[in-house]
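**Q** Now for the letters of each chain:
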Amino acid sequence: MDVGAWCKQSRVWVVAGKGGVGKTTITATFAGVAAAAGLSVLIIELEGKRGLCAAFGLEGSVGYVPTQVFPAPEPWTVGEGGHGEEAGGAPGKDGVPRARKGETPTSAAPSPGTVWARRLTPDDALLEYLADHGLHRVSKRLVSSGVLEVVATAIPGIRDVLVLGKVKQIERSGLADVVVLDAPATGHAMTFLTSASGLLDAARSGPIRSQASDVVEMLRDPARCRILPVTLPEEMPVSETVEASYELEDRVGIHLGPIVVNCFEEPLPGLDTDVDTAAKEAGIVLGDGTRASLEAARRFRLHRLELVEEQVARLHRELPLPQLRVPRLFSPAIGPDELGRLATALAGEIAALPAQAGAA
Amino acid sequence: VTDAPPATGPGDTSSADEGGEAPGTALGPGIEVAASLATVVERRPVVVCCGPGGVGKTTVSASLAVQAARRGRRACVVTVDPARRLADALGAETLPNTPSLVEGHWPGTLHAVMLDPKGTFDELVDRYSKTRDQARAIKANRLYQNLTGALSGTQEYMAMEKLYELTSSAEYDVVIVDTPPTRNALDLLDAPRRLTQFLENRLFRAMMMPTRISLKAINIATQAVLRTISRVAGAEIVQDAVAFFQAFEGMELGFHDRASAVRELLADPATAYVVVTSPRADAVEEASFFADRLAERGMRASALVVNRVHPRFGGTGMDVPDAPPGTALAVIASNLRELNAIAAEEEASFCGLAARVAPAAVATVPLLGTDVHDVDGLLEIAGHLFEDEPAGGPAHDVSQGAFP
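One line per chain: the protein sequences are A and B, in this order. If you use the numbering used here, the first sequence corresponds to residues 13 to 372, in order. If you use the numbering used here, the second sequence corresponds to residues 157 to 560, in order.
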């Protein structure tokens with residue numbers, strides 16, 4: 013399967029999963045894969061998290077105005093100086109987020125092979141919506157007087173709908189070949205994606221309603237939007253992914269992409285030989301302490317590999333979708349090097365997908 | 157509503173050992189000897205477990221409660237959204253919001269409550285409404301029905317409200333509360349203030365004044381805003397809001413006082429905060445953020461629990477053999493190095509946090525093979541948290557994986 017073509021089958025990819033499964037890492041990885049395939053990519057980040065920039069080797073977190081985070085010339089060496097100058101009009105120096113104030117929307121857009129990223133919090137979306145509706149001047153007062161809070165409570169999901177409405181606007185504008193959305197953690201993701209359908213029931217008329225129905229239309233069209241669920245090969249994340257996936261399909265009608273299994277561990281050939289036999293074969297005599305430690309570590313790992321296999325099999329049984337397995341990296345943080353390794357693995361998994369898997 | 161810190165603020169340790177914990181004795185202003193996690197569950201009346209989502213906070217909270225019961229206390233744990241099988245094991249799913257007894261062989265008692273934020277809010281409305289009709293009108297209002305789901309911080313506040321209610325009931329020696337996976341740590345600490353602020357919204361209160369001053373009292377710009385909101389979102393939205401605040405009339409004071417009481421409880425030096433995290437860098441960063449916010453408010457963490465820590469195999473400087481490449485021994489040796497590298501990196505990541513929350517006690521729980529579904533599993537966790545207690549049966553031989 014051609015990786016670029018596969019990534020392009022949907023304009024918006026919503027990366028969703030429980031907190032702690034590595035959503036942000038997979039967001040960055042998937043964006044990297046698409047960019048390496050020659051596409052222009054925009055990441056939309058909803059919570060102002062720091063991990064995203066760190067993955068690309070940058071400091072701070074992304075700002076409201078799209079910033080280039082991954083330049084094409086030297087893949088996976090982002091942040092080694094000179095970043096930000098390459099692409100025409102790339103805002104933000106050194107990835108440091110710029111202040112909202114005084115910013116003017118930029119017409120700069122990612123070029124093929126680059127990844128750009130921007131923040132889009134519910135408050136950003138709300139203020140932008142108000143500005144679009146001629147309420148720019150009073151928006152500050154609305155926030156400080158608490159009126160917005162009352163309105164947002166009265167219309168549950170309005171913040172989420174406004175965020176998704178903005179995503180839809182970006183999708184329609186064709187700003188990037190692929191838009192990768194780092195969704196809120198499950199629970200939040202569920203409300204986030206069901207908000208538009210919920211709002212259609214609540215709001216009977218007006219622009220908000222039409223906004224919601226546009227969003228629902230986008231979410232239901234697999235050529236425009238798909239979910240990339242992310243899970244870990246562990247019991248609770250697998251259970252929650254299965255549950256959430258069916259619910260999203262049923263309640264939102266959103267098309268599920270393959271499941272990304274993050275931190276997958278391949279069996280280690282040779283690990284099933286016990287230490288004594290292995291030592292004898294290698295002609296090495298081990299001290300008692302070393303022998304015991306090696307054996308304890310061996311059993312620990314074998315047990316874990318067994319659990320990984322068990323959970324991956326269960327995931328496949330309960331949610332029969334193709335899986336994209338991304339290896340567990342034995343490193344504490346994700347930086348450009350790690351991202352490069354993950355992207356290579358993910359691209360390989362996508363390339364190995366059966367031709368009809370994505371188009372189904 | 158003021159946001160002033162309580163009278164007993166940072167540095168004031170004079171009443172820090174109200175719970176009577178001996179090792180937590182104040183040595184002087186600002187100096188406190190670290191209390192162990194054991195003294196926290198044995199002496200403190202209120203324990204708030206906080207930290208990032210997905211690190212096993214619910215399991216740790218329940219294990220602390222189990223331990224308190226084992227030490228003879230009447231313990232109650234408030235869980236928020238536990239995994240189904242654990243909820244079943246705690247018997248908490250049968251009756252949300254109501255403590256249910258968890259059977260076990262311990263001298264104390266253990267109750268578990270699964271928080272139902274909406275139900276908790278309903279109880280508050282029942283408590284503070286003047287008449288049954290008023291309560292009915294509020295509960296029927298659409299804005300009210302959305303409140304727990306849509307107003308950020310409400311779930312957090314309801315967890316704290318439940319905590320307050322259980323603490324004041326005097327039926328328990330210790331109430332341990334698990335907190336919702338909060339996107340922003342401040343949501344938890346600010347929740348009482350945010351809710352009262354919402355309920356005291358001046359604009360809508362102006363709107364429900366007698367008609368002669370009603371909308372005239374509001375400035376023109378705001379009127380324009382309300383008209384726009386009606387136009388954009390539908391007139392029902394504004395009508396619902398007005399109806400809600402009208403129905404709420406007269407209850408603000410009760411709610412306000414209650415929120416103040418909850419806030420005082422959270423700021424009380426006898427309330428212990430246990431920061432729970434996993435050793436992963438992103439979780440540690442989030443936990444550090446939370447610990448800093450606590451410290452800013454003079455509510456420093458009493459203990460840090462690092463859950464799911466990789467065990468370390470063999471002591472430092474152990475001689476791992478250089479096996480010939482391609483042999484099984486080479487794979488086995490590299491496995492050990494890999495696992496120990498993870499352990500070392502994890503340790504480096506959470507040691508920084510441990511130093512930051514010092515003198516808070518630090519306890520670690522090793523990565524276990526399976527999830528915790530039952531009381532035996534909780535006992536096993538407690539065994540790791542309180543190392544002098546016999547463990548319920550370790551899943552792995554981690555005897556060589558002891559952490560400093």
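No wet-lab data here; the hints were simulated from the structure. The structure presented is a predicted model; accordingly, all values stated were derived computationally and were not measured. Don't take each hint at face value.
Unchecked claim - Only some residues are given here: those of chain A computed to face chain B with a beta carbon under 10 Å:
hint : residue
1    : 30
2    : 36
3    : 71
4    : 72
5    : 76
6    : 77
7    : 143
8    : 169
9    : 302
10   : 318
Stated by the list, open to error - So, partial list: chain A residues that the calculated Cβ filter (under 8 Å) puts toward chain B:
hint : residue
11   : 162
12   : 165
13   : 248
14   : 279
15   : 305
16   : 339
17   : 342
What the hints assert, rightly or not - Pair ranges (Cβ atoms, derived):
hint : chain 1 : residue 1 : chain 2 : residue 2 : range
18   : B       : 471       : A       : 315       : 21 to 27 Å
19   : A       : 349       : B       : 247       : 47 to 53 Å
20   : B       : 497       : A       : 71        : 22 to 28 Å
21   : A       : 71        : B       : 527       : 32 to 38 Å
22   : A       : 146       : B       : 420       : 42 to 48 Å
For every residue, glycine included, the Cβ atom is placed at its ideal position computed from N, Cα and C.
**Q** All hints, please: hold or fail.
**A** These are the hints, each one checked on the structure:
{"no.": "1", "hint": "30", "result": "6 Å, holds"}
{"no.": "2", "hint": "36", "result": "8 Å, holds"}
{"no.": "3", "hint": "71", "result": "14 Å, violated"}
{"no.": "4", "hint": "72", "result": "13 Å, violated"}
{"no.": "5", "hint": "76", "result": "18 Å, violated"}
{"no.": "6", "hint": "77", "result": "23 Å, violated"}
{"no.": "7", "hint": "143", "result": "13 Å, violated"}
{"no.": "8", "hint": "169", "result": "7 Å, holds"}
{"no.": "9", "hint": "302", "result": "6 Å, holds"}
{"no.": "10", "hint": "318", "result": "9 Å, holds"}
{"no.": "11", "hint": "162", "result": "5 Å, holds"}
{"no.": "12", "hint": "165", "result": "5 Å, holds"}
{"no.": "13", "hint": "248", "result": "6 Å, holds"}
{"no.": "14", "hint": "279", "result": "11 Å, violated"}
{"no.": "15", "hint": "305", "result": "3 Å, holds"}
{"no.": "16", "hint": "339", "result": "12 Å, violated"}
{"no.": "17", "hint": "342", "result": "5 Å, holds"}
{"no.": "18", "hint": "B:471 <-> A:315: 21 to 27 Å", "result": "22 Å, holds"}
{"no.": "19", "hint": "A:349 <-> B:247: 47 to 53 Å", "result": "49 Å, holds"}
{"no.": "20", "hint": "B:497 <-> A:71: 22 to 28 Å", "result": "26 Å, holds"}
{"no.": "21", "hint": "A:71 <-> B:527: 32 to 38 Å", "result": "36 Å, holds"}
{"no.": "22", "hint": "A:146 <-> B:420: 42 to 48 Å", "result": "45 Å, holds"}
Hints 3, 4, 5, 6, 7, 14 and 16 from the earlier list are contradicted by this structure; the remaining hints agree with it.
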